[in-house]
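Heads up: the protein sequence lines correspond to chains A and B, in order.
Sequential numbering of the first sequence, starting at 1, is according to our numbering.
Sequential numbering of the second sequence, starting at 1, is according to our numbering.
It should be emphasised that the hints constitute simulated quantities derived from the structure, not laboratory data.
Nothing here was measured: the structure is a model prediction, and the numbers come from that model.
Any given hint could be a false lead.
[What the hints assert, rightly or not] Cβ-to-Cβ under 8 Å is the rule here; a few derived chain A residues that face chain B: (1) Y4; (2) G11; (3) P88; (4) I90; (5) D94; (6) R100; (7) T124; (8) A126; (9) T136; (10) L142; (11) A147.
[What the hints assert, rightly or not] Here are the in silico distance ranges between beta carbons for each label pair: (12) D258/A with D85/B: 34 to 42 Å; (13) S133/B with E118/A: 37 to 45 Å; (14) A97/B with C224/A: 29 to 37 Å; (15) L7/B with E116/A: 35 to 43 Å.
Here a beta-carbon is modelled for each residue, glycine too, at the ideal position from N, C-alpha and C.
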Amino acid sequence: MKSYYDIAGDGGSNVEAQVVAKRGRIAASLAGVRHMLAIGSGKGGVGKSTLTMQLARALRASGAGVAILDADLNGPSQARMAGFGRMPIIPGPDGIVMPRTPSGIGVVSMGVLVPESEALDFETVARGDTYLWRATREFSLLGDLLAGVAWGTLDFLLIDLPPGAERTFQYAEFFGPAAAIVLVTIPSDLSRGVVARSLAALRKTPNRILGYVDNMKGYACSGCHTIRPLFAESGAIDLGIPCLGSVPFDPDLAAACDRGEALPDDPSNPTRRAIREVALEIHRCMEVT
Amino acid sequence: MKFLCVLCDQPMKLVQVAPPDRGSLSVVYECPECAHRIAMLTNPLETQMMTSLGVEIGPSGEKTESKCPFSGMIQGMSAPSADGDLPWTAKALERLANVPEFVRPMARVGIERYAREQGLREVDVQVLEQAKSFFGM
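Required output: the full structure, derived from the provided sequences and hints.
The structure is reproduced here in structure tokens:
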């Protein structure tokens, strides 16, 4: 009797060819993207999304073509940070027209489609078993977005990853080796420990890990113009990858993000300066292959 | 998944997928030698697993109706507008066909809402371009 491997093709739906075709559509859609950079951590609440938007603003200010894909489908924050309100999906000649900030940063986020009062939910015939199929469905949706958006020509596509060490690894595999990774931590041992786990998982992928950003490294006091410590730092966990820079916490930045605005153009602002330096370092690293 | 006619030792061919019934798919296979037919009946979870992969089940080239996966969450998606559908020109429909199937219903609802708010009675390519400018894209 024939075995599975004696029979060419699949059961008749040609599933493999469908998956290959989808991969092809994604590759075609991203053909004009020069650098793909995924910004993750593993740890939640360390400022991945804020940093992603601020890096995009800094890269854009240097003249680069930049877009953000908010890959956090369940907790999208880029739409708010971009200052987007309710807006429709507009069909263009080459796919979905990418919404842009006033400075020209393209932002693709489920936050535009799903109001903040709602949780992302999928039509399903298997309610109650979401833990079995949901992750697969989300990656499929992400693939549809990647293939369906008219990304055009970009120097940088920044991908804002959701939290979770295992998710960071899965997303690295999903985006493939073309996506370089930047990890974000805060200077606590707890956060560094989680980032170290993500790193251990990411080392099993071929993705290039550019380094990490030490976020919320002190508090930029606008009253006394000093950086004051926020976290007790033991320095016990060495991540063993380059530090791309340290960014102090700035309450004005947090407030600006809530309002969907950029930080005022003040070159003396230490947070703004630090983000710019991280962006420059990333730009430099990405140019070195 | 593949099916083998044990009597003929021949792979069976997928011949038909019946429309889903309460989350179950009926997929009919036939042996090309003896014409014996069997049906694979999926349970809702199995159907969902296939849907989650984003692939179509059916003989090559046969497409099932694609549905917006979050239609229940989008205002105006579940119930048609009281004003009825706005007509779309052929060129505008061509544009709509350029976006992935799963977002077409959302795109249609959003554009029609914009057009109504602007007092327009038809969606053409110019309306799409206007909307693009209006929303700063």
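Structure versus earlier hints, numbers of those that do not hold, lowest first: 10, 13, 14, 15
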